[in-house]
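**Q** Chain order of the listed sequences is S and F.
Counting along the first sequence from 1, when you hit position 71 you're at 71 in the UniProt record's numbering, and nothing is skipped either side.
Counting along the second sequence from 1, when you hit position 34 you're at 34 in the UniProt record's numbering, and nothing is skipped either side.
Be a bit skeptical, because a hint or two may be false.
Since the list gives no way to pick out one identical chain from another, each pair is judged satisfied if it fits inside one copy or across any two copies.
As the list claims (entries may be wrong) - Straight line, CA to CA, 25 Å or less: simulated DMTMM-like cross-link-like pairs of lysine to aspartate or glutamate: (1) K188 with D10; (2) K119 with D175; (3) K55 with D65; (4) K85 with D199; (5) K89 with E56.
To be clear, the hints were calculated from the coordinates, so they are not data collected in a lab.
For clarity, every value in this text was computed on a predicted model and none was experimentally measured.
There are 2 protein chains.
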Amino acid sequence: MRTVDQKLRDRRRRHILTAAISCFIRDGFHRASMQEICKEAGMSPGNLYRYFDSKEAIIEAIAEDERKENATYYAKLFRAKNFLKSLGKMLGASLKKASDPNYERIALEVAAEASRNPKVAAMFAQNEAETKASLVLALRDAAARGEIDGQLDFEAVATILIAVADGAIGRMSLDPALRTTALMPTMKIMITRFLRPPDGP
Amino acid sequence: MRTVDQKLRDRRRRHILTAAISCFIRDGFHRASMQEICKEAGMSPGNLYRYFDSKEAIIEAIAEDERKENATYYAKLFRAKNFLKSLGKMLGASLKKASDPNYERIALEVAAEASRNPKVAAMFAQNEAETKASLVLALRDAAARGEIDGQLDFEAVATILIAVADGAIGRMSLDPALRTTALMPTMKIMITRFLRPPDGP
């Protein structure tokens with residue numbers, strides 16, 4: 001019975017997060033109220049508050065889900081047979097996911113809130129630091145195997161790679177006609193030329 | 001007398017924009033009121049409304065100033081003797097400017113507002129399109145002179161270069177310890193390796 005309970009809890013949790021995201025997209029994170037999120041989720045406050053006791057707790061859960069998803073991506077990068085190819089795929093997957101306009105809206109809302117709310121800022125700064133640390137480890141590992149240029153400053157490389165993915169997402173909101181698929185071949189050229197060993201293939 | 005009047009007008013215009021930006025940073029673009037902007041600028045509504053008749057007109061002026069500044073940068077890029085070096089400098093200047101946390105706050109506020117307000121979105125989409133078009137022209141020109149790889153998809157290259165600059169700005173808000181100067185050497189390596197002709201120096 002324990003597992004069934006847990007599955008139900010997980011499903012309800014996802015249902016609440018989806019409802020909350022709809023509210024944030026419609027009204028902005030700052031203006032959306034817990035009352036509204038209850039209404040959107042079709043749940044009583046008494047029931048919803050058993051899952052999340054504040055909007056911050058909801059945002060925290062969204063950040064945590066993002067962290068877990070990133071960790072899954074980086075695990076794949078570590079197991080990769082061809083680092084540069086896998087890095088290109090990872091970037092492609094992240095751009096494809098971000099081509100949903102709602103993703104961009106939520107990212108902006110969270111970023112704007114983080115710039116006003118130190119607690120939210122700290123959560124996302126931690127995600128950023130973990131993402132960068134994982135990427136630096138994967139880069140060092142690839143350099144040790146001779147797959148990428150070992151002379152590069154990997155902290156700076158990781159920052160630039162995250163920047164290009166994140167910045168490309170921003171471009172899509174400014175240019176709705178832009179397709180991620182159109183960017184990918186050039187993005188892969190950039191990654192390969194930038195990172196491959198100077199005397200490599 | 002005409003010139004003196006114009007200078008006074010320009011100075012007042014800048015004064016109002018600075019006051020408005022302070023309000024937007026403090027309260028967010030959406031929540032800041034024209035009344036508050038008048039108070040911040042120390043001007044009567046009657047006086048301020050002679051310059052800007054709405055918050056949208058103020059945002060429009062901010063977008064226009066950004067457009068003019070971009071145009072100045074691109075003019076320099078066109079006159080450049082060494083394209084890749086100039087592109088690196090331009091990126092450095094844009095990152096340095098963006099290392100001011102207030103710049104990031106305003107950029108986020110504007111982006112969040114654009115995602116709710118089609119008029120604001122259209123203004124910034126136009127700036128984005130003009131920036132990209134100027135960069136594509138400069139890239140084509142450099143390729144014609146043999147300074148960069150002519151086989152690249154210049155639309156995609158321009159999008160990626162804008163993305164990396166914009167994305168790097170986002171990183172600074174998530175990691176206050178990050179210094180633009182620490183990124184620049186690696187950023188220049190990326191630009192050079194990505195763009196130089198395959199058989200070039």
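**Q** Could you run down the list of hints and mark each one as holding or not?
**A** Each hint, compared with the structure:
1. K188 with D10: neither (37 Å within a copy, 46 Å between copies)
2. K119 with D175: between (32 Å within a copy, 14 Å between copies)
3. K55 with D65: For K55 and D65, only the intra-copy Cα distance (15 Å) is at most 25 Å; the inter-copy one is 37 Å.
4. K85 with D199: both (18 Å within a copy, 23 Å between copies)
5. K89 with E56: Result: close neither inside a copy nor across copies, 33 Å intra and 41 Å inter.
In terms of the numbered hints stated before, the structure departs from hints 1 and 5, listed from lowest to highest.
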